[in-house]
Amino acid sequence: MILDGKCPTGPIEKTWDKHRFDMKLVNPANKRKYKILVVGTGLAGASAAASLGELGYNVEAFCYQDSP
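Residue numbers for the sequence shown follow numbering that gives the first Met the number 0, so the first one is 0 and each next one is one higher.
Some hints could be false.
Unchecked claim - Here are the in silico distance ranges between beta carbons for each label pair: (1) K23 with N57: 38 to 46 Å; (2) Y63 with R19: 32 to 40 Å; (3) R19 with E53: 20 to 28 Å.
Claimed, not checked - 30 Å max Cα-Cα, derived DSS-like pairs, lysine-lysine: (4) K32 with K17; (5) K23 with K13; (6) K30 with K17; (7) K13 with K34; (8) K5 with K30.
Simulated from the structure, these hints should not be mistaken for laboratory data. Note that the Cβ used here is the ideal one computed from N, Cα and C, for glycine as well.
Generate the whole structure from the sequences, applying the supplied hints.
Right, here's the structure in full:
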């Protein structure tokens, strides 16, 4: 078993910039392949689901009353 703490390498001043540069971004072409589940449709959950839906994501929202 190999333990990896995923500690960033290099100078601490440039670590965040390097991480942002290496991040994989979600672009408009591949937004539809992600399904986002929002659990809880209170004020925050409903607004998150609505905002993500407007941005083009496939969103499903579940609330307590949907359970059997």
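Results of checking the hints against the structure:
1. K23 with N57: 38 to 46 Å: 18 Å, violated
2. Y63 with R19: 32 to 40 Å: Given a distance of about 37 Å, which is inside 32 to 40 Å, the answer is holds.
3. R19 with E53: 20 to 28 Å: 25 Å, holds
4. K32 with K17: 27 Å, holds
5. K23 with K13: The hint holds at about 18 Å.
6. K30 with K17: 24 Å, holds
7. K13 with K34: 33 Å, violated
8. K5 with K30: Judged against 30 Å, a Cα distance of about 28 Å means the pair holds.
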